[in-house]
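Participant: Could you slot chain B onto chain A? The hints should help.
Residues per chain are reported as follows:
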Amino acid sequence: EAGVVQSPRYKIIEKKQPVAFWCNPISGHNTLYWYRQNLGQGPELLIRYENEEAVDDSQLPKDRFSAERLKGVDSTLKIQPAELGDSAVYLCASSFGQYTGELFFGEGSRLTVL
Amino acid sequence: KQEVTQIPAALSVPEGENLVLNCSFTDSAIYNLQWFRQDPGKGLTSLLLIQSSQREQTSGRLNASLDKSSGRSTLYIAASQPGDSATYLCAVGGGADGLTFGKGTHLIIQP
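The listed protein sequences correspond, in order, to chains A and B. Everything in the first sequence is counted per my numbering, starting at 1 for the first residue and increasing by one. Everything in the second sequence is counted per my numbering, starting at 115 for the first residue and increasing by one.
One thing to keep in mind: the hints can contain errors.
Just so you have them, the derived chain B footprint on chain A, three or more residues with Cβ under 8 Å [claimed, not checked]:
1) 11-19
2) 39-45
3) 74-88
In silico lysine to aspartate or glutamate, EDC-like type, Cα no more than 16 Å apart, as pairs [claimed, not checked]:
4) B/Lys115 <-> A/Glu53
5) B/Lys156 <-> B/Asp198
6) B/Lys156 <-> A/Glu107
To be clear, the hints were calculated from the coordinates, so they are not data collected in a lab. Think of the CB as a built atom: it goes at the ideal place given N, C-alpha and C, for glycine as much as any other residue.
So here's chain A without its partners, still in its complex pose (with noise of 0.2 Å):
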């Protein structure tokens, strides 16, 4: 079975520059998680996704971030304009279920902002 996959693993930006992140999750799970990983930190939740649906979009910085859920499937977050404090690890993570489901990780995408 394969797992959550994100795209692209890489990228390297100038300021003030747009850049886009894509996940794909794991078949039939509905619920889907953006979060960003500082060097030396924990990932923090930037959103939430319970099928297509925003549900917790509290920690999203909305002046610069957005992300959207087609169809309840893959998901996109988008960031324009970057700004030197956005370089981080953007991960993508899946679960079966609201609450209790166990969350699967893709490898992540590594944003450096210049």
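Facilitator: Positioned in the frame of chain A, the structure of chain B alone reads:
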């Protein structure tokens, strides 16, 4: 707001030793607790999931316990091997708040 603390932040032990990683959390109203492993430059690999009604889970040489009332969990690794070297993350599931992570324990197993 849930806070998760992992102690120690780093640990280096000789191969073959049994070891314990600690995780504490401030709000005992949790749905579950999950332990992950993260290798450098990689994503998180799920090791064990303990539901709030459970006391422990075992997988191979790993055993995780959960004491909700005291806000603590431990991850026990038996007969450590160099391949166990990684960062171990504890995450607490609070329902609508999703998972809250600790900063991790960086583990080095010396050959």
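Participant: Honestly, which of those hints from before does the structure not fit?
Facilitator: Of the numbered hints, 1, 3 and 4 do not hold.
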